[in-house]
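Number of protein chains: 2
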Amino acid sequence: MGKFGFEVLHKDAGTGARRGVLHTPHGDIPTPVFMPVGTGGAVKAMPGDFLKSLDARVILANTYHLYLRPGHERVQKLGGLHGFMSWDKAILTDSGGYQVFSHRGLRDISEDGVQFKSHLDGSKNFFTPEKAIDVQRALGSDIVMVFDDCTPYPAGLVDAEASMELSMRWAQRCKNQWAKEEDGSRGLFGIVQGSVYPDLRKRSAEALLEIGFSGMAIGGLSVGEPKDLMYEIVESTAPLLPWDQPRYLMGVGTPEDLVRNIAMGIDMFDCVLPTRNARNGCLFTSQGRILIKNAIYAEDDGPLDPNCSCRTCQLYSRAYLRHLFLSGEHLSAVYNTLHNLTFYLDMMRKIRQAIDLDFFGNWLELMKKGVD
Amino acid sequence: MGKFGFEVLHKDAGTGARRGVLHTPHGDIPTPVFMPVGTGGAVKAMPGDFLKSLDARVILANTYHLYLRPGHERVQKLGGLHGFMSWDKAILTDSGGYQVFSHRGLRDISEDGVQFKSHLDGSKNFFTPEKAIDVQRALGSDIVMVFDDCTPYPAGLVDAEASMELSMRWAQRCKNQWAKEEDGSRGLFGIVQGSVYPDLRKRSAEALLEIGFSGMAIGGLSVGEPKDLMYEIVESTAPLLPWDQPRYLMGVGTPEDLVRNIAMGIDMFDCVLPTRNARNGCLFTSQGRILIKNAIYAEDDGPLDPNCSCRTCQLYSRAYLRHLFLSGEHLSAVYNTLHNLTFYLDMMRKIRQAIDLDFFGNWLELMKKGVD
Numbered sequence: 001m002g003k004f005g006f007e008v009l010h011k012d013a014g015t016g017a018r019r020g021v022l023h024t025p026h027g028d029i030p031t032p033v034f035m036p037v038g039t040g041g042a043v044k045a046m047p048g049d050f051l052k053s054l055d056a057r058v059i060l061a062n063t064y065h066l067y068l069r070p071g072h073e074r075v076q077k078l079g080g081l082h083g084f085m086s087w088d089k090a091i092l093t094d095s096g097g098y099q100v101f102s103h104r105g106l107r108d109i110s111e112d113g114v115q116f117k118s119h120l121d122g123s124k125n126f127f128t129p130e131k132a133i134d135v136q137r138a139l140g141s142d143i144v145m146v147f148d149d150c151t152p153y154p155a156g157l158v159d160a161e162a163s164m165e166l167s168m169r170w171a172q173r174c175k176n177q178w179a180k181e182e183d184g185s186r187g188l189f190g191i192v193q194g195s196v197y198p199d200l201r202k203r204s205a206e207a208l209l210e211i212g213f214s215g216m217a218i219g220g221l222s223v224g225e226p227k228d229l230m231y232e233i234v235e236s237t238a239p240l241l242p243w244d245q246p247r248y249l250m251g252v253g254t255p256e257d258l259v260r261n262i263a264m265g266i267d268m269f270d271c272v273l274p275t276r277n278a279r280n281g282c283l284f285t286s287q288g289r290i291l292i293k294n295a296i297y298a299e300d301d302g303p304l305d306p307n308c309s310c311r312t313c314q315l316y317s318r319a320y321l322r323h324l325f326l327s328g329e330h331l332s333a334v335y336n337t338l339h340n341l342t343f344y345l346d347m348m349r350k351i352r353q354a355i356d357l358d359f360f361g362n363w364l365e366l367m368k369k370g371v372d
Numbered sequence: 001m002g003k004f005g006f007e008v009l010h011k012d013a014g015t016g017a018r019r020g021v022l023h024t025p026h027g028d029i030p031t032p033v034f035m036p037v038g039t040g041g042a043v044k045a046m047p048g049d050f051l052k053s054l055d056a057r058v059i060l061a062n063t064y065h066l067y068l069r070p071g072h073e074r075v076q077k078l079g080g081l082h083g084f085m086s087w088d089k090a091i092l093t094d095s096g097g098y099q100v101f102s103h104r105g106l107r108d109i110s111e112d113g114v115q116f117k118s119h120l121d122g123s124k125n126f127f128t129p130e131k132a133i134d135v136q137r138a139l140g141s142d143i144v145m146v147f148d149d150c151t152p153y154p155a156g157l158v159d160a161e162a163s164m165e166l167s168m169r170w171a172q173r174c175k176n177q178w179a180k181e182e183d184g185s186r187g188l189f190g191i192v193q194g195s196v197y198p199d200l201r202k203r204s205a206e207a208l209l210e211i212g213f214s215g216m217a218i219g220g221l222s223v224g225e226p227k228d229l230m231y232e233i234v235e236s237t238a239p240l241l242p243w244d245q246p247r248y249l250m251g252v253g254t255p256e257d258l259v260r261n262i263a264m265g266i267d268m269f270d271c272v273l274p275t276r277n278a279r280n281g282c283l284f285t286s287q288g289r290i291l292i293k294n295a296i297y298a299e300d301d302g303p304l305d306p307n308c309s310c311r312t313c314q315l316y317s318r319a320y321l322r323h324l325f326l327s328g329e330h331l332s333a334v335y336n337t338l339h340n341l342t343f344y345l346d347m348m349r350k351i352r353q354a355i356d357l358d359f360f361g362n363w364l365e366l367m368k369k370g371v372d
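Chains as they are written, first to last, in my numbering: chain A, 1 to 372; chain W, 1 to 372.
To be clear, the hints were calculated from the coordinates, so they are not data collected in a lab.
One or more hints might be untrue.
Given that identical chains are not distinguished, each listed pair holds provided it fits within a single copy or across any two copies.
Said to hold, decoys possible - Mimicking BS3-like on lysine-lysine, the simulated pairs with C-alpha atoms at most 27 Å apart in a straight line are: (1) Lys-11 <-> Lys-89; (2) Lys-11 <-> Lys-77; (3) Lys-293 <-> Lys-77; (4) Lys-227 <-> Lys-369; (5) Lys-350 <-> Lys-11; (6) Lys-89 <-> Lys-350; (7) Lys-202 <-> Lys-293.
It should be emphasised that the depicted structure is a prediction, and the values quoted were computed from it without experimental measurement.
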């Protein structure tokens, strides 16, 4: 098995954007990349064959969900997550930190780890940094994330500092656990925390650099803070991260978010937006967003997006997609998800090409003018 | 456009089974055939590309549902049902009679037609035989069914006779309406009624023969009567139907039902069973039915059916399919439906081959021994 690694292939002339490639045991991933979210071992409403037809190279799966159901040991017995879900490209797993964070009131944090109640059956579970690593190993993840304490927004400086420092101690424990079986084929990523305080972010990045990881993520953003604040934090944090490692902005975001953060040197993204919006009938197109339930589409026999080559746009009209949505058909979710993921992955392909050709700056200008 | 028509190509040596071909404006259909049900302009949870990959040649759509939503006039504007749902193979539409029947309490039957309340919004609608034809024409159906009064089970002889006679008068009105624009390219099917009374069935068949149709259906079965009674009625009714016309047993059934009725000379079937069961996690396999939620499949890494070539069986284990079902994933419905429809359509392919080779009798014996 080859070595896990990252190469920057080209830096855009006019922005901070980078073209790169991430080498994983399950194939190379051209960056910048958007990772579709496959929460419980399935990208929702997206048949595997459809996902492969989009040339998706990596998906994200949620450790928290798979730990609770069907259980990481069961997944391991069934061939790891790749075998279980019949997916032979790369998989990044989050550590569960964010899910524990988003179930506030059901959790209890201590130095050792987090006790939380299952959202499925109320059962009590205890997660530690060591366990988060073990579970992700059992899942067979190609890219493993450290277990962190995702600081809520807003947080005062004192709380944000304490939370960040706890995350850094946990990051060290994750690294120690990881090092026990490390063979260099898979990646472990650190996660920068520190809320909206540039100084905390800087200290967090420095702490992670000292521990040493194969990639760096920026966490704790897109949790309710104003957009401009998110951009400011990324702008000040990205340059602190190693040039020769992938930079992953977690849980972000809209097409505009992607473009603007890529311009600041971010390489990897994940977000439920394209898939969740699809199920809610909110569709991304080259001409803006469409709410497919709107009456104006009732007799619109045109494709969702005349500039899209996905099967949904090839085969079905807006009127038909509206009908499926209003009828509550499973196929509504399927066709809409196919389209939205095509939109995202096609956009990323075009962005990579734009960076290669040194005209990504034009994209950025267009986005700033409000085209999404 | 070619002429609508049917040819019997071969009669099985040992049973009443027939191999035939039905010519429609949207392609030839080898018979015996099972028609997947696409209620509201979509075979539930079955992407069009998947359906085409199974070589499905005809689907059934429900006039009642499409009339209420999105409306037949709207469908007509959007290219008819073929254009609307992007389906270029044949479509048979029921007349709405069965749906009106199954909404008992919301309907009021008179000589002229049926007043019924929409199950969607409670609005009052009035359906007549003439309207049923007009609506199906607007949908662009290849095979149009007469509007009938589906007799409930059980029904006394007097009620059953009155209901059958009403259906026959309506059948004549359907034919009259049909004849106004008939060009011979599409088919109009009569429906034999008469509940479980062979004499009424005989009189109904004779009345329909007198009116003249391009195909004959047996309706009013599989509505709660014992199985044996259904078989008896088919056995006595099928021989009354013209040899050179397709015979369609409506709303039937299980794999065993199909085999046994084919042996009595039935050519066409439709049923929600494979698609609805799929969504409920009940799967047909060469080794019997599987309830995928059962705990015994939790760590079963084998395919649903080792003798099935569908993508579900190629790619996914029983354990994974169980996980998707328990997680409420849309993909559970998609993969299960793909499998169940593959099972049905593959079975029909094998049956057609068996008839061609004069060994369909063996199939029948196996079925009678309880293998489904």
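Consistency of the hints with the structure:
{"no.": "1", "hint": "Lys-11 <-> Lys-89", "verdict": "within (26 Å within a copy, 51 Å between copies)"}
{"no.": "2", "hint": "Lys-11 <-> Lys-77", "verdict": "neither (43 Å within a copy, 52 Å between copies)"}
{"no.": "3", "hint": "Lys-293 <-> Lys-77", "verdict": "between (43 Å within a copy, 19 Å between copies)"}
{"no.": "4", "hint": "Lys-227 <-> Lys-369", "verdict": "within (15 Å within a copy, 68 Å between copies)"}
{"no.": "5", "hint": "Lys-350 <-> Lys-11", "verdict": "within (15 Å within a copy, 59 Å between copies)"}
{"no.": "6", "hint": "Lys-89 <-> Lys-350", "verdict": "within (21 Å within a copy, 37 Å between copies)"}
{"no.": "7", "hint": "Lys-202 <-> Lys-293", "verdict": "neither (45 Å within a copy, 50 Å between copies)"}
Violation of the numbered hints given earlier is confined to hints 2 and 7; the remaining hints are satisfied by the structure.
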